[in-house]
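Asks: Construct the complete structure from the given sequences, taking the supplied hints into account.
There are 2 protein chains.
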Amino acid sequence: NKQSKKDYSFSNRGKTLEDEINETNEFYLDRNIAVIHKKPVPIQIVNVEYPSRSAAVIREAYFKTPSTTDYNGVWKGYHIDFEAKETENPTSFPLKNIHPHQVEHMKSVILQKGIAFLIIRFSSADKYYAVPYSMLEEKWKRMLQGGRKSIPLKEFEQEAIEINTGYSPRINYLEAVEQMLGK
Amino acid sequence: NKQSKKDYSFSNRGKTLEDEINETNEFYLDRNIAVIHKKPVPIQIVNVEYPSRSAAVIREAYFKTPSTTDYNGVWKGYHIDFEAKETENPTSFPLKNIHPHQVEHMKSVILQKGIAFLIIRFSSADKYYAVPYSMLEEKWKRMLQGGRKSIPLKEFEQEAIEINTGYSPRINYLEAVEQMLGK
Ligand SMILES: [Mg+2]
Ligand SMILES: [Mg+2]
Chain A
1 NKQSKKDYSF
11 SNRGKTLEDE
21 INETNEFYLD
31 RNIAVIHKKP
41 VPIQIVNVEY
51 PSRSAAVIRE
61 AYFKTPSTTD
71 YNGVWKGYHI
81 DFEAKETENP
91 TSFPLKNIHP
101 HQVEHMKSVI
111 LQKGIAFLII
121 RFSSADKYYA
131 VPYSMLEEKW
141 KRMLQGGRKS
151 IPLKEFEQEA
161 IEINTGYSPR
171 INYLEAVEQM
181 LGK
Chain B
1001 NKQSKKDYSF
1011 SNRGKTLEDE
1021 INETNEFYLD
1031 RNIAVIHKKP
1041 VPIQIVNVEY
1051 PSRSAAVIRE
1061 AYFKTPSTTD
1071 YNGVWKGYHI
1081 DFEAKETENP
1091 TSFPLKNIHP
1101 HQVEHMKSVI
1111 LQKGIAFLII
1121 RFSSADKYYA
1131 VPYSMLEEKW
1141 KRMLQGGRKS
1151 IPLKEFEQEA
1161 IEINTGYSPR
1171 INYLEAVEQM
1181 LGK
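Protein sequences, first through last, are from chains A and B. Per our numbering, residue 1 is the first one in the first sequence, and the count goes up by one each step. Per our numbering, residue 1001 is the first one in the second sequence, and the count goes up by one each step.
These aren't lab readings, by the way, just hints derived from the structure by calculation. Any given hint might turn out to be false.
[What the hints assert, rightly or not] Derived, one-sided and incomplete: chain B residues facing chain A with beta-carbon distance under 8 Å:
#, residue
1, Ala1034
2, Ala1055
3, Asn1072
4, Trp1075
5, Gln1112
C-beta atoms are modelled at their ideal positions from N, C-alpha and C, and glycine is treated no differently.
Replies: Below, the structure is given as structure tokens:
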């Protein structure tokens, strides 16, 4: 019933956005709704040990700057590609959280007729938004032209698509993608 | 001219299939033909050092079994998903080189109307084939039913699509995908 859903949603607050998206993706995968995965973190491996009779151990490696987004996959024939970020900032999302080559990547995806967007969580307000690439591009250009370096929450409310949360799926972002396509 | 292309192709023989596909993907990306990337190798990170004033160092990590394929992306609105393998075996491709969950993953991609296939290189013959998921599924089922545990080269010649190689792009596998779609 509705009450228990609400309770569970509260208990979910300790989860990271990544956990929530992974759970949602499992939900989609189990029900043949979509096949969307998080890409592994890119690593530069420098040194590996091969002990006899046991698994290879990486002994020196470094994190690399990601050149693409974190999630991609396929849904009803559409190529889905997105980056997910959460912010503690209550009033705006700082664009420094997105790498320029990620914006470039999303632009290339759009050129190939894929669907590219951001999922942004405002943690203090517990609000989730899907930001179509077209909206990101506009704000990114504004920044490059000397304008503000963040997207205010008010612009999310007016121009992005709010994502409904629940028990299962946790954040039904494909509903928001459907709205994007309908526009 | 044609001669210099041939020479370069010969000098490419020391490259791994992964190098060749990465080069081809760069070619596609630079010309806005397609956006296809290799996924990072999945790693289980156990221990990370954070030295002051320098980058974090991973000091203990292990390779994880991949649950999906190595490459995916988008091309002309199609979701592209494939696994690449090379074999030194001159007469057949051993199916033990493919993980069961990779076959599962490819099946899920097909259900979502993505394009899933293998790229197989027979290193000794210097031949490259694109294997549509439908062909893989047939051979996989044959194995599960007690039949042979490999795909003979002869079946590649008859049922798979040979990939043309050249200087640039090195292996034009999207041409083979176009043929798959035409069938
Ligand atoms: Mg990221
Ligand atoms: Mg592999």
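Asks: Indicate, hint by hint, whether the structure satisfies it.
Replies: The hints, checked one at a time:
no.: 1; hint: Ala1034; verdict: holds (6 Å)
no.: 2; hint: Ala1055; verdict: holds (6 Å)
no.: 3; hint: Asn1072; verdict: holds (6 Å)
no.: 4; hint: Trp1075; verdict: holds (6 Å)
no.: 5; hint: Gln1112; verdict: holds (4 Å)
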